[in-house]
Amino acid sequence: QQQVKQSPQSLIVQKGGISIINCAYENTAFDYFPWYQQFPGKGPALLIAIRPDVSEKKEGRFTISFNKSAKQFSLHIMDSQPGDSATYFCAASRGGRRALTFGSGTRLQVQP
Amino acid sequence: DAGVTQSPTHLIKTRGQQVTLRCSPKSGHDTVSWYQQALGQGPQFIFQYYEEEERQRGNFPDRFSGHQFPNYSSELNVNALLLGDSALYLCASSLRDRGVHEQFFGPGTRLTVL
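Chains as they are written, first to last, in the working numbering: chain R, 1 to 112; chain U, 1 to 114.
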């Protein structure tokens with residue numbers, strides 16, 4: 001019940017396109033859902049996060065959509081840029097200060 | 001404002017040895033969590049320290065132990081190293097406040113076990 005399943009494993013998008021990464025969780029006790037961006041050789045950087053009391057959160061070009069009944073959430077990157085090329089991880093926890101359960105990651109490549 | 005710092009950056013050990021990794025949390029943070037990230041995988045939670053005590057632990061053997069100091073910095077110790085312990089070890093800091101949820105990660109320590 002602790003799993004977070006992430007798809008796709010890899011994604012290639014043209015510059016200016018929309019990148020969409022999906023995650024599904026099982027544990028209904030999860031109440032905090034962050035997305036992290038990780039570049040090679042670096043630690044994960046918090047990108048955006050959502051609580052289950054809202055269905056969507058937008059910050060700049062990044063949007064999280066949340067479907068509580070389906071136990072799914074997704075990251076949308078609008079106007080994707082080559083600098084967005086990185087590995088993206090979804091995660092979930094019971095309150096952010098508790099242990100984060102991570103998805104397996106999506107390697108995004110934005111082609112110029 | 002310094003972020004999360006970790007040392008050393010890289011480390012090479014042989015099987016059976018012991019290793020200590022260090023972490024200084026982001027200024028103002030009082031909680032430190034440790035994660036193991038194998039190559040090509042997502043980070044896996046090892047344990048979390050607050051008020052110098054282990055508060056939560058993931059599915060890792062007792063060979064993995066830790067400590068938190070009064071200044072909130074932390075150490076991760078791994079005994080009897082195995083080849084499978086080779087990974088990026090990440091430290092994350094946060095503030096133990098019910099209204100604050102974000103965890104911020106350091107750059108990690110790359111451990112190679114030969």
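Just so you know, the hints here were simulated from the structure itself, not pulled from any lab data.
There could be a bad hint or two in this list.
Below 20 Å or equal to it, Euclidean Cα-Cα: the simulated SDA-like pairs (lysine to any residue) are [claimed, not checked]: (1) R:Lys71 / R:Pro8; (2) R:Lys42 / U:Glu54; (3) R:Lys5 / U:Thr112; (4) R:Lys42 / U:Asn59; (5) R:Lys5 / U:Ala38; (6) R:Lys5 / U:Pro107; (7) R:Lys42 / U:Thr112; (8) R:Lys42 / U:Glu52; (9) R:Lys68 / R:Glu26.
According to the in silico footprint, chain R covers these stretches of chain U (three or more CB under 8 Å from chain R) [what the hints assert, rightly or not]: (10) 41-53; (11) 101-113.
Keep in mind that this is a model prediction, so the values were computed, not measured.
C-beta atoms are modelled at their ideal positions from N, C-alpha and C, and glycine is treated no differently.
Original post:
So which of the earlier hints does this model not fit?
Top reply: Structure breaks hints 2, 3, 4, 6, 8.
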